[in-house]
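> Got chain A; can you put chain B on it based on the hints?
These are the residues of each chain, in order.
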Amino acid sequence: MSADLHLTDEQIEVILSDLIEHYGYDFTNYSAASLKRRIQRLLTLDKVVSFAEFRHRIQHDAEYFKRFVEQITVNVTEMFRDAHFYRTLREEVIPELATRPLIRIWHAGCSTGEEVYSMAILLQEANLLQKSLLYATDINPAVLEKVRLGMFPMSQMKQYSENYIHSGGRHDFSKYYIAQYDTAKFDESFKSRIILATHNLVSDNSFNEFQLILCRNVMIYFDKALQDRALELFDNSLEKLGFLALGSKETLKFSSVSARYKQLENKEKIWRKMS
Amino acid sequence: MQPDFKIVLIGGSAGSLSRVLRLLPHLTKKLNITVVLIFHRKEDEDSVLHDVLADKSGFAVKEVEDKDPIQRHHIYIAPADYHLLLEKDLTFSLDMSEKINFSRPSIDVTFESAADAFGKSVAGLLLSGANADGVTGLQLIQRRGGKIIVQDPRSAEVPYMPQQAIDKLTIDLMLTEFNTEEFLALITQ
Chain A
18 MSADLHLTDE QIEVILSDLI EHYGYDFTNY SAASLKRRIQ RLLTLDKVVS FAEFRHRIQH
78 DAEYFKRFVE QITVNVTEMF RDAHFYRTLR EEVIPELATR PLIRIWHAGC STGEEVYSMA
138 ILLQEANLLQ KSLLYATDIN PAVLEKVRLG MFPMSQMKQY SENYIHSGGR HDFSKYYIAQ
198 YDTAKFDESF KSRIILATHN LVSDNSFNEF QLILCRNVMI YFDKALQDRA LELFDNSLEK
258 LGFLALGSKE TLKFSSVSAR YKQLENKEKI WRKMS
Chain B
4 MQPDFKIVLI GGSAGSLSRV LRLLPHLTKK LNITVVLIFH RKEDEDSVLH DVLADKSGFA
64 VKEVEDKDPI QRHHIYIAPA DYHLLLEKDL TFSLDMSEKI NFSRPSIDVT FESAADAFGK
124 SVAGLLLSGA NADGVTGLQL IQRRGGKIIV QDPRSAEVPY MPQQAIDKLT IDLMLTEFNT
184 EEFLALITQ
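Quick note, the sequences are listed as chains A and B, same order. For the first sequence, our numbering assigns the number 18 to the initial residue and increments by one for each residue that follows. For the second sequence, our numbering assigns the number 4 to the initial residue and increments by one for each residue that follows.
If we strip away everything but chain A, and leave its shape as in the complex, we get:
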């Protein structure tokens, strides 16, 4: 790390308790090493020279607090990331949802929305989009604005198109967006099925019942206790026989809810709620 200023663990604890006190945001159960790295990265980016200066800004500058949340949370995501995962959604999960009169899906920690639009495309191709609602939530309001716009960098489209084909997509991927200079603007029909809200997995509660919840590569930033809290929240928000999808290196095993869930046969990180 190139920053001259390196915070001690104790200083980080001070910052974290300031955040609770001043803004009601609790990061104390985030994975410590990863959180420390993110904070250290912010110090470098903003050329912060002293702990006192950093602390003062966080305490008294609400705009800087917004920046803190935006920079501390990780917003790296892709469309159709892990193509085999999307193939399983397409072939095994969506057919199970098809019989429902209304399909409710929750993208928890949706970031800039690439996965939400990927899901909308899958539903469209199964002729289910019109009876589906995709709830997209994130702790960070700035990313939700990006989901609402439905615009992604044109430079990514080649990769996304390849991912889409590997996931079993049979169409020309470019039919789903309009190229505008360096951005790809996704079809308005997707947007009308997406509901956006800020939601903090640390402190907020269940707000609806879903048939499918996706939370991929979000809980890797949480410690074990907070992971359990989030999983119980998902459990309370999932219908019986509903599906819970996690990231490719995450597991429900060893968690407090695992006894009620069964992983899909093909070992994708998708579990079904059995009771």
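Just so you know, not all the hints are guaranteed correct.
From the derived model, a few chain A residues whose C-beta atoms are all more than 10 Å from chain B [said to hold, decoys possible]:
id, residue
1, Met236
2, Asp240
3, Asp252
The calculated label-pair distances, taken between Cβ atoms and stated as ranges, are [as the list claims (entries may be wrong)]:
id, chain 1, residue 1, chain 2, residue 2, range
4, B, Ala133, A, Leu166, 21 to 27 Å
5, B, Leu93, A, Lys202, 44 to 50 Å
6, A, Ser220, B, Ala188, 49 to 55 Å
7, B, Arg25, A, Lys148, 58 to 64 Å
8, A, Ser67, B, Arg25, 55 to 61 Å
9, A, Ser273, B, Thr191, 36 to 42 Å
10, A, Glu142, B, Pro28, 49 to 55 Å
11, B, Ala57, A, Tyr198, 25 to 31 Å
12, B, Glu180, A, Tyr198, 52 to 58 Å
Straight-line Cα separation of at most 20 Å, PhoX-like style, residue types lysine-lysine; simulated pairs [what the hints assert, rightly or not]:
id, chain 1, residue 1, chain 2, residue 2
13, A, Lys241, A, Lys286
14, A, Lys175, B, Lys65
15, B, Lys91, A, Lys284
16, B, Lys91, A, Lys241
17, A, Lys270, B, Lys65
18, A, Lys257, A, Lys279
19, A, Lys290, A, Lys279
20, B, Lys102, B, Lys123
21, B, Lys65, A, Lys286
22, A, Lys163, A, Lys208
Keep in mind the hints are simulated off the structure, nothing from the lab. Just so you know, even glycine gets a beta-carbon here, dropped at the ideal spot from N, CA and C.
Structure of chain B alone, referenced to chain A:
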């Protein structure tokens, strides 16, 4: 929580697998260590890497999943497309944030988090590779009291990475084809 074994971190990219494979037969349960491998590579090579390593060593080989405990006598592999960090409670955590040194996993990220969490219980070995990832991490390992070793650039398929470390740092040992015993003594010291 300090581990009651040493944590040996091995980082490499292009051309470093063969060097690890020559080292593995020397890793026996007499050594009070565990090993963490950070390799730059493509995702679709994961299962191959796992099988090749499992074949050569007496240690259990595991590609890390989020929050796996760090235990003695294992070879842990950083999964492709994630950064791998070591937590003070002796677990791993994964991180999907931006690439560092054009790499994810980044060797620096793992080296730095291990040095920060476990200080002198850590040793870092940097192998063949084409960029400077790992050099900053080695520096922090050394500052926190751990040992740092690099592959002899003359025997590396791509010497740039170990040469960078030699140019910038005072290393504890240069690993050649002939001083494996010295290397094992150093990392368990």
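> Taking the hints in turn, state whether each one holds.
To see whether the hints hold, each was checked on the structure:
| no. | hint | verdict |
| --- | --- | --- |
| 1 | Met236 | 7 Å, violated |
| 2 | Asp240 | 8 Å, violated |
| 3 | Asp252 | 18 Å, holds |
| 4 | B:Ala133 - A:Leu166: 21 to 27 Å | 38 Å, violated |
| 5 | B:Leu93 - A:Lys202: 44 to 50 Å | 47 Å, holds |
| 6 | A:Ser220 - B:Ala188: 49 to 55 Å | 51 Å, holds |
| 7 | B:Arg25 - A:Lys148: 58 to 64 Å | 60 Å, holds |
| 8 | A:Ser67 - B:Arg25: 55 to 61 Å | 49 Å, violated |
| 9 | A:Ser273 - B:Thr191: 36 to 42 Å | 39 Å, holds |
| 10 | A:Glu142 - B:Pro28: 49 to 55 Å | 51 Å, holds |
| 11 | B:Ala57 - A:Tyr198: 25 to 31 Å | 50 Å, violated |
| 12 | B:Glu180 - A:Tyr198: 52 to 58 Å | 55 Å, holds |
| 13 | A:Lys241 - A:Lys286 | 18 Å, holds |
| 14 | A:Lys175 - B:Lys65 | 33 Å, violated |
| 15 | B:Lys91 - A:Lys284 | 30 Å, violated |
| 16 | B:Lys91 - A:Lys241 | 13 Å, holds |
| 17 | A:Lys270 - B:Lys65 | 16 Å, holds |
| 18 | A:Lys257 - A:Lys279 | 12 Å, holds |
| 19 | A:Lys290 - A:Lys279 | 7 Å, holds |
| 20 | B:Lys102 - B:Lys123 | 27 Å, violated |
| 21 | B:Lys65 - A:Lys286 | 18 Å, holds |
| 22 | A:Lys163 - A:Lys208 | 12 Å, holds |
Violated hints for the displayed structure, listed by number in ascending order: 1, 2, 4, 8, 11, 14, 15, 20.
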